[in-house]
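Chains as they are written, first to last, in our numbering: chain U, 1 to 174; chain C, 1 to 91; chain R, 1 to 95.
Bear in mind the hints are in silico, worked out from the structure with no lab data behind them.
Be careful, since some hints might not be right.
Unchecked claim - Pairs of lysine-lysine, DSSO-like flavour, derived with a Cα cap of 27 Å:
| # | chain 1 | residue 1 | chain 2 | residue 2 |
| --- | --- | --- | --- | --- |
| 1 | C | K58 | R | K76 |
| 2 | C | K58 | U | K159 |
| 3 | R | K76 | C | K54 |
| 4 | R | K76 | U | K129 |
| 5 | R | K77 | U | K142 |
| 6 | U | K129 | R | K77 |
| 7 | R | K58 | R | K77 |
| 8 | R | K76 | R | K58 |
| 9 | U | K142 | C | K54 |
| 10 | C | K54 | R | K77 |
| 11 | U | K129 | R | K31 |
| 12 | R | K31 | C | K3 |
| 13 | U | K142 | C | K3 |
| 14 | C | K58 | U | K142 |
| 15 | C | K3 | U | K163 |
| 16 | R | K76 | U | K159 |
| 17 | R | K58 | C | K54 |
As the list claims (entries may be wrong) - Chain C stretches covered by chain R per the calculated footprint, using a threshold of three residues with CB under 8 Å from any CB of chain R:
| # | stretch |
| --- | --- |
| 18 | 36 to 42 |
| 19 | 45 to 57 |
| 20 | 64 to 77 |
Claimed, not checked - Some chain R residues judged to face chain U by a derived CB distance under 7 Å, without partners named:
| # | residue |
| --- | --- |
| 21 | I40 |
| 22 | N41 |
| 23 | G56 |
| 24 | F57 |
| 25 | K58 |
| 26 | K59 |
| 27 | S61 |
| 28 | V63 |
| 29 | C68 |
| 30 | I70 |
| 31 | C72 |
| 32 | L73 |
| 33 | S74 |
| 34 | H79 |
| 35 | V81 |
Every value quoted in this text rests on a predicted model; they were computed, and no experiment measured them.
Note that CB positions come from ideal geometry on N, CA and C, so glycine has one too.
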Amino acid sequence: MGCCYSFFCNDDSSSQAGEPTERTHLLVNPVSINTTVVHANSEDYIFRNANTLPKKTDEQSALNRILQETATNVIDVAALDSHNLQHHEYLERMKHYNVKVQQVMGNNRNALSYKVKLSLLQDIPMPEKVMMSEPINPEDIKLINSFLSSAVASIQDIKVEHKENLVEPFGINC
Amino acid sequence: MEKHLNRVMEEITNQPGVYGCVLSDHQGLCLGAHGQASTESSGVITALAEQALKLEPKSVMPIISLENDNRQLIIRRHGVLTCGIYKSVCN
Amino acid sequence: MDRKSNQTGYLVLNEEGAVLSSSGELENDEKTANVIMGMINLTSQIDSVAFPPEEGFKKLSIVYDDHCYIVCLSNKKVHIVKKSIDNTDSIPVTA
Numbered sequence: 001m002g003c004c005y006s007f008f009c010n011d012d013s014s015s016q017a018g019e020p021t022e023r024t025h026l027l028v029n030p031v032s033i034n035t036t037v038v039h040a041n042s043e044d045y046i047f048r049n050a051n052t053l054p055k056k057t058d059e060q061s062a063l064n065r066i067l068q069e070t071a072t073n074v075i076d077v078a079a080l081d082s083h084n085l086q087h088h089e090y091l092e093r094m095k096h097y098n099v100k101v102q103q104v105m106g107n108n109r110n111a112l113s114y115k116v117k118l119s120l121l122q123d124i125p126m127p128e129k130v131m132m133s134e135p136i137n138p139e140d141i142k143l144i145n146s147f148l149s150s151a152v153a154s155i156q157d158i159k160v161e162h163k164e165n166l167v168e169p170f171g172i173n174c
Numbered sequence: 001m002e003k004h005l006n007r008v009m010e011e012i013t014n015q016p017g018v019y020g021c022v023l024s025d026h027q028g029l030c031l032g033a034h035g036q037a038s039t040e041s042s043g044v045i046t047a048l049a050e051q052a053l054k055l056e057p058k059s060v061m062p063i064i065s066l067e068n069d070n071r072q073l074i075i076r077r078h079g080v081l082t083c084g085i086y087k088s089v090c091n
Numbered sequence: 001m002d003r004k005s006n007q008t009g010y011l012v013l014n015e016e017g018a019v020l021s022s023s024g025e026l027e028n029d030e031k032t033a034n035v036i037m038g039m040i041n042l043t044s045q046i047d048s049v050a051f052p053p054e055e056g057f058k059k060l061s062i063v064y065d066d067h068c069y070i071v072c073l074s075n076k077k078v079h080i081v082k083k084s085i086d087n088t089d090s091i092p093v094t095a
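Model the full structure from these sequences, guided by the hints.
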């Protein structure tokens, strides 16, 4: 909104000072440039002078060429959205988008709720009872530890026993 | 070879209450599953152990236990191995 | 009730994992909250052979040598408590 505001109000006389103010455009708009609007940007001065003076000196045409080249290479964000939205258009679009979002939500309700349900835990009524309980049986600790230590020991036994040649000659006899 | 490992898994599954076990390597590759357990669960079990390791990275690997009224899953990781034991619980 | 006295901290999270209330060692502990949410939201099904698909878990415990975390889901809120474990009558966890 700030951008739109400055777009309409930049005929403010204070911007003639040549210094960047809050009304100064971050990006210069070379396409829709308006000579009646005084811009604080130095490049705009060159452009304006080039238009107002009928005789172009070599220096000016060179500067103009540089400006043209720069202008073709710049992606002008301000010019992309040249159509300024009116208030009722905002409301219309808002309504339209809301309808679309509701449609998508309605169609994908199952998929969305499935995503939320992706949980290991099920909802229980009395959390205090679970919270007060012992975390794990000492026997279970013993069980997992003995399993783990014997598994670690037995994993050492796994070796690759190669019975055949690792390198097989192909097509030697042909 | 893996005969020793199979015997270890068999012994664990014969313990009272235990009805299955899974063994996986550090990347979640299943090294073995015995009893009522699927080889596909090794990835999830390793991921759970890995996530639990982030809780207190300086402590030793904790034991993870998941319970409901009938069943329990106990997970622990040691070095490159992660093992899971499925137990039925009678209250 | 004496079991409750070894509680050293708690966290209550909403379903998205945001801290609703906390105290003790887990006060505003978003890191613990994130790690535990990462665990319980990892999957909804661990093993289709070992567990029936409609069956969830009621309690998740993460057990260290001298302390543990217990997690459960109730009324769409994730409850986490951290407890110290009396080491005298339990077998140490070290493998």
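Against the structure, the hints come out as follows:
{"no.": "1", "hint": "K58(C) to K76(R)", "result": "31 Å, violated"}
{"no.": "2", "hint": "K58(C) to K159(U)", "result": "32 Å, violated"}
{"no.": "3", "hint": "K76(R) to K54(C)", "result": "24 Å, holds"}
{"no.": "4", "hint": "K76(R) to K129(U)", "result": "17 Å, holds"}
{"no.": "5", "hint": "K77(R) to K142(U)", "result": "32 Å, violated"}
{"no.": "6", "hint": "K129(U) to K77(R)", "result": "15 Å, holds"}
{"no.": "7", "hint": "K58(R) to K77(R)", "result": "13 Å, holds"}
{"no.": "8", "hint": "K76(R) to K58(R)", "result": "13 Å, holds"}
{"no.": "9", "hint": "K142(U) to K54(C)", "result": "24 Å, holds"}
{"no.": "10", "hint": "K54(C) to K77(R)", "result": "22 Å, holds"}
{"no.": "11", "hint": "K129(U) to K31(R)", "result": "26 Å, holds"}
{"no.": "12", "hint": "K31(R) to K3(C)", "result": "42 Å, violated"}
{"no.": "13", "hint": "K142(U) to K3(C)", "result": "23 Å, holds"}
{"no.": "14", "hint": "K58(C) to K142(U)", "result": "23 Å, holds"}
{"no.": "15", "hint": "K3(C) to K163(U)", "result": "18 Å, holds"}
{"no.": "16", "hint": "K76(R) to K159(U)", "result": "49 Å, violated"}
{"no.": "17", "hint": "K58(R) to K54(C)", "result": "22 Å, holds"}
{"no.": "18", "hint": "36 to 42", "result": "holds (count 5)"}
{"no.": "19", "hint": "45 to 57", "result": "holds (count 8)"}
{"no.": "20", "hint": "64 to 77", "result": "holds (count 10)"}
{"no.": "21", "hint": "I40", "result": "5 Å, holds"}
{"no.": "22", "hint": "N41", "result": "6 Å, holds"}
{"no.": "23", "hint": "G56", "result": "3 Å, holds"}
{"no.": "24", "hint": "F57", "result": "5 Å, holds"}
{"no.": "25", "hint": "K58", "result": "5 Å, holds"}
{"no.": "26", "hint": "K59", "result": "5 Å, holds"}
{"no.": "27", "hint": "S61", "result": "4 Å, holds"}
{"no.": "28", "hint": "V63", "result": "5 Å, holds"}
{"no.": "29", "hint": "C68", "result": "4 Å, holds"}
{"no.": "30", "hint": "I70", "result": "6 Å, holds"}
{"no.": "31", "hint": "C72", "result": "4 Å, holds"}
{"no.": "32", "hint": "L73", "result": "4 Å, holds"}
{"no.": "33", "hint": "S74", "result": "4 Å, holds"}
{"no.": "34", "hint": "H79", "result": "5 Å, holds"}
{"no.": "35", "hint": "V81", "result": "5 Å, holds"}
In summary, the numbered hints that this structure violates are 1, 2, 5, 12 and 16.
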